[in-house]
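S.K.: First to last, the sequence lines map onto chains A and B.
Just so you know, we're using the working numbering here: the first sequence kicks off at 10 and counts up by one.
Just so you know, we're using the working numbering here: the second sequence kicks off at 1398 and counts up by one.
Hints listed in this document are in silico derivations from the structure and should not be mistaken for laboratory results.
Ideal placement from N, C-alpha and C gives every residue a C-beta, glycine not left out.
Be aware that one or more of the hints could be misleading.
[Stated by the list, open to error] Facing chain A, from chain B, some residues (calculated, C-beta under 10 angstroms): (1) Leu1406; (2) Val1520; (3) Leu1524; (4) Ser1546; (5) Leu1551; (6) Ile1552; (7) Val1555; (8) His1558; (9) Val1564; (10) Gly1570; (11) Gly1573; (12) Glu1717; (13) Leu1723; (14) Arg1731.
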Amino acid sequence: MKRSVQSTILLLLFIVALLAAPVLLSEFYVTLLNYIGLYAIVALGLVMLTGVGGLTSFGQAAFAGLGAYTSAYLTTVHGVSPWLTLPAGLLVTAIVALSLGLVTLRLSGHFLPLGTIAWGISLYYLFGNLAALGGHTGISGVPPLYIFDLEIRSGREFFYLIWAILLALILATRNLLDSREGRAIRALKGGSVMAEAMGVNTPRSKIVVFAVAALYAAVSGWLYAHLQRFVNPTPFSLTQGIEYLFMAVVGGVSHVWGAILGAGLITVLKQWLQDWLPRLLGQSGNFEMIVFGLLMIIVLQRARDGVWPMLQRFFPQDVARARSDGVRRLEKRPLPESGSVLLEVTDASKCFGGLVANDRVSFRVRAGEIMALIGPNGAGKSTMFNGISGVDPLTSGRVSFRGERVESLPARRIARLGMSRTFQHVRLLPAMSVIENVAIGAHLRGRKSFIAAACRADRDEDARLLQEAALQIERCGLRDQMYEPAGNLPLGRQRLVEIARALAADPCLLLLDEPAAGLRYIEKQALAELLRRLRAEGIGILLVEHDMEFVMGLADRVVVMEFGRKLAAGLPEEIQRNPAVVEAYLGGVE
Amino acid sequence: MDLQIALLLGQDGVTNGAIYALLALALVLVFAVTRVIFIPQGEFVAFGALTLASLQAGRLPGTVWLLLAMGTAIALIEGSAAMRARRFRRLPLILLINCGAPLLLAASLLAVSPAELPLLVQVLLTLMLVVPLGPMLYRLAYQPVAEASVLALLIVSVAVHVTLTGVGLLFFGAEGSRTPAFTDVSFEVGDVVLQGQTILVIVASILLIVALYLFFERTLYGKALRATAMNRTGARLMGISGNLAGLLSFTLAGAIGAFSGVLISPITTIYYDSGFLIGLKGFVGAIIGGLASYPVAAGGAVLVGLLEAYSSFWASAFKEVIVFTLIIPVLLWRSLKTRHVEEA
Chain A
10 MKRSVQSTIL
20 LLLFIVALLA
30 APVLLSEFYV
40 TLLNYIGLYA
50 IVALGLVMLT
60 GVGGLTSFGQ
70 AAFAGLGAYT
80 SAYLTTVHGV
90 SPWLTLPAGL
100 LVTAIVALSL
110 GLVTLRLSGH
120 FLPLGTIAWG
130 ISLYYLFGNL
140 AALGGHTGIS
150 GVPPLYIFDL
160 EIRSGREFFY
170 LIWAILLALI
180 LATRNLLDSR
190 EGRAIRALKG
200 GSVMAEAMGV
210 NTPRSKIVVF
220 AVAALYAAVS
230 GWLYAHLQRF
240 VNPTPFSLTQ
250 GIEYLFMAVV
260 GGVSHVWGAI
270 LGAGLITVLK
280 QWLQDWLPRL
290 LGQSGNFEMI
300 VFGLLMIIVL
310 QRARDGVWPM
320 LQRFFPQDVA
330 RARSDGVRRL
340 EKRPLPESGS
350 VLLEVTDASK
360 CFGGLVANDR
370 VSFRVRAGEI
380 MALIGPNGAG
390 KSTMFNGISG
400 VDPLTSGRVS
410 FRGERVESLP
420 ARRIARLGMS
430 RTFQHVRLLP
440 AMSVIENVAI
450 GAHLRGRKSF
460 IAAACRADRD
470 EDARLLQEAA
480 LQIERCGLRD
490 QMYEPAGNLP
500 LGRQRLVEIA
510 RALAADPCLL
520 LLDEPAAGLR
530 YIEKQALAEL
540 LRRLRAEGIG
550 ILLVEHDMEF
560 VMGLADRVVV
570 MEFGRKLAAG
580 LPEEIQRNPA
590 VVEAYLGGVE
Chain B
1398 MDLQIALLLG
1408 QDGVTNGAIY
1418 ALLALALVLV
1428 FAVTRVIFIP
1438 QGEFVAFGAL
1448 TLASLQAGRL
1458 PGTVWLLLAM
1468 GTAIALIEGS
1478 AAMRARRFRR
1488 LPLILLINCG
1498 APLLLAASLL
1508 AVSPAELPLL
1518 VQVLLTLMLV
1528 VPLGPMLYRL
1538 AYQPVAEASV
1548 LALLIVSVAV
1558 HVTLTGVGLL
1568 FFGAEGSRTP
1578 AFTDVSFEVG
1588 DVVLQGQTIL
1598 VIVASILLIV
1608 ALYLFFERTL
1618 YGKALRATAM
1628 NRTGARLMGI
1638 SGNLAGLLSF
1648 TLAGAIGAFS
1658 GVLISPITTI
1668 YYDSGFLIGL
1678 KGFVGAIIGG
1688 LASYPVAAGG
1698 AVLVGLLEAY
1708 SSFWASAFKE
1718 VIVFTLIIPV
1728 LLWRSLKTRH
1738 VEEA
């Protein structure tokens, strides 16, 4: 509680400083702050896109251009009110961003930024060559803004509008990131495999975050058009788009306040360099770009998180916390009857080129039983897990889960049916707290979307999700580490976090890939106890594990794999006596 | 448009396309080996062209200063690392390679009057000045972050591009240069005049492509690069150093860029910032090849050259818009074709 009071006080102080700034500062500094505000709005979008979502764009200036030109054209040629051209500009930007996103976001990550470079260039030339948009001379005579009868014309009046909008967007962005959809966006950075397995529709999350960043830029462009009352192509060129990215990276691309900091640093530095460099070098030109380029290289080599994290320790940190009072628990899904077949794998094969990793493997898992999949390294166990859970689909064969064929469904659809998994190579977001990591598991148990999250209409649901996450964390014995960054935990405990995350999805089938690796004896016993309890509740568990003592003491049935084939199946005692299994594990006895 | 104009435009398109193809190959190579999306490729073209133009005008090319500056920076970094490791015996070699060689080159340029040298020597000097910038760039900008994500490397690339463009303005000024044609020969085939320059560019490009092919197929270093491109970790386990592969691929990229600059300098006026758009057109070609296939990338680049030539006839003002919008249907086609699976 105390921390949030502190941060509210800091925010209020910041607002007071903003209110006082135009009164105290000279025209020059007000103009400078106006530009910083405009740039920060664009950089804020890039923070969401790059630092949070792990995507990037060099074309944000072009999106700002769309907002600016739409408004300039409609107000000057058709006499439309600026308050109507804002939604029009947003609509145009959204259409362009969504189509660009749909085209590139299915490809691997670097095609999007390359696409935005090409698109930034072609839009710049389009602005400059369309006669209707005034060509390279641009459009002048853009009307000022009015709020009722109050004309917003001077820099000081604009200051309040720009910074009010910036502040509102910062708060909305923060709210969004601290929500179910926000955690899904943050999960993108760790690659889409984990997020998909937790039921996140990652292409949708990517397109949304890309569109939101574009819309922020369009808002900035709209403000720019009415502040300058003139538009031409130059401020919307690729160079400016690159500068926006520099602002975000220098400021701190993972933090909303990094956007303001970066915009401020780069803008002031640019002002200063533009004064000094031509004098120093004895010729005129955009030499500040040399310094910016070098600065970026050094930042990326030495302090990839930018400047904000260095200041951050002076500010209180808000961490999402579970409320203990009066939160209704999430509904649980009805579990299938104990002993009924949950999962049926028939003739499952997976080939990687010429390598057959799984060769016509068949087995069943029932509700309320623990089935272990064992075998030497490279036997194809994890491949089988990926095939069943839809992470890396099988080449051939059938998988039915709760009576439904799932082998060609995407991972998120399978997750929705009630299958949840952990990964052999832990896939947590190391900078996020344990509870937020686990809450990603509960993604499919919430409904509230982006807009609700941005205006905090999701608090009730989010509290329930966090409470569920907290309960699963306690169940896995990690209560004391709930609010620590997940990356700080030892590897064995990170595996327990993965289990908690899988449990937060309220599964009826749990796929555990080497859950006991890296655990100490006592922790293993506690884990075995937890799995027994889950079994008693009626959950089916499919387990890959190398610790034979752990497996044999726990599993109801065992399937042994070797070189991609099923070698044997049966009760633990039978398996232990099976000569083929003994040979596979210990080598032949001469 | 009659047939004659069509053929003339086609000739232009193929000439530019041949150069874009070279760049596309370099881009695919660098990306495959180092995962770096080499945006500054175009700057090598501009530097190559402008260095040759400076030599022919009898001026000391600005690239000399860049070479000296980067060499000094590397000597400082490597030298201090050697001192910390108490390996003082390495110091003379570090100094000799990074500072001595550029100084020697600068001194010899001052000693002779480059404008009077034969063309071939001027071209060689240009290559000697520009090509080393490739590996130096790798050492300074990319090697310290070699393990970073593709995205971070891309941002580094853009930062390098921005820096080099600024440096280009500083050293070469805002005026453009165009070198005289290498040859005045022309052939008449029917109604069409084939420029000797065109043939020279195409033949040189083809020769370079063949040389690259032989390098990759027949030499140990070429095979090492291919191995690294296929599997970085595997190649490292086989004793192929990632840094060596990086330096080598950047040397090739520098050489291809500088050579393309020499080829293009009699065809178009090159400014300090012209390289970027030229490089990006190579990129459109490379993306057509999915940043992976050499022949498709080269073919795509020729297509870009043709598209550019014909669109400059039909809608000259929208030439760049058309060329760069081409990337959208290309990406759409690729995204429908590929199913991207992350390594699990």
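S.K.: With a cut-off of 10 angstroms, does the beta carbon of Gly1573(B) approach a beta carbon of chain A closely enough for the hint to hold?
M.R.: violated (14 angstroms)
S.K.: Against chain A, run the beta carbon of Leu1524(B) and see if the smallest gap drops under 10 angstroms.
M.R.: This hint is violated: Leu1524(B) lies away from chain A, its Cβ roughly 25 angstroms from the closest one there, beyond 10 angstroms.
S.K.: Classify the hint on Glu1717(B) as holds or violated, based on whether any CB of chain A lies nearer than 10 angstroms to its CB.
M.R.: holds (4 angstroms)
S.K.: Against chain A, with CB atoms and a cut of 10 angstroms, does the hint on Val1555(B) hold up?
M.R.: At 6 angstroms from the nearest chain A Cβ, Val1555(B) passes the 10 angstroms test, so the hint holds.
S.K.: Once the shortest beta carbon distance from Leu1406(B) to chain A is found, is it less than 10 angstroms?
M.R.: violated (20 angstroms)
S.K.: Have a go at the Val1520(B) hint: is there a Cβ in chain A nearer than 10 angstroms to its own Cβ?
M.R.: Violated. Min distance 28 angstroms.
S.K.: Does His1558(B) hold up as a contact with chain A if the rule is Cβ-Cβ below 10 angstroms?
M.R.: With Cβ-Cβ at 8 angstroms, under 10 angstroms, it holds.
S.K.: Given a cut of 10 angstroms on the nearest C-beta pair, is the interface hint for Ile1552(B) held or broken against chain A?
M.R.: holds (6 angstroms)
S.K.: So, as I understand it, the hint says Val1564(B) touches chain A; can you test that by seeing if any CB pair is closer than 10 angstroms?
M.R.: Cβ of Val1564(B) sits 6 angstroms from chain A, so the hint holds.
S.K.: Per the CB criterion, is Leu1723(B) less than 10 angstroms away from chain A?
M.R.: holds (8 angstroms)
S.K.: Would the hint on Gly1570(B) stand, with a C-beta cut-off of 10 angstroms toward chain A?
M.R.: Status holds, d = 8 angstroms.
S.K.: Can Arg1731(B) be said to touch chain A, with a Cβ gap under 10 angstroms?
M.R.: Cβ of Arg1731(B) sits 6 angstroms from chain A, so the hint holds.
Figure legend: structure checked against the earlier numbered hints; hints not met, in rising order: 1, 2, 3 and 11.
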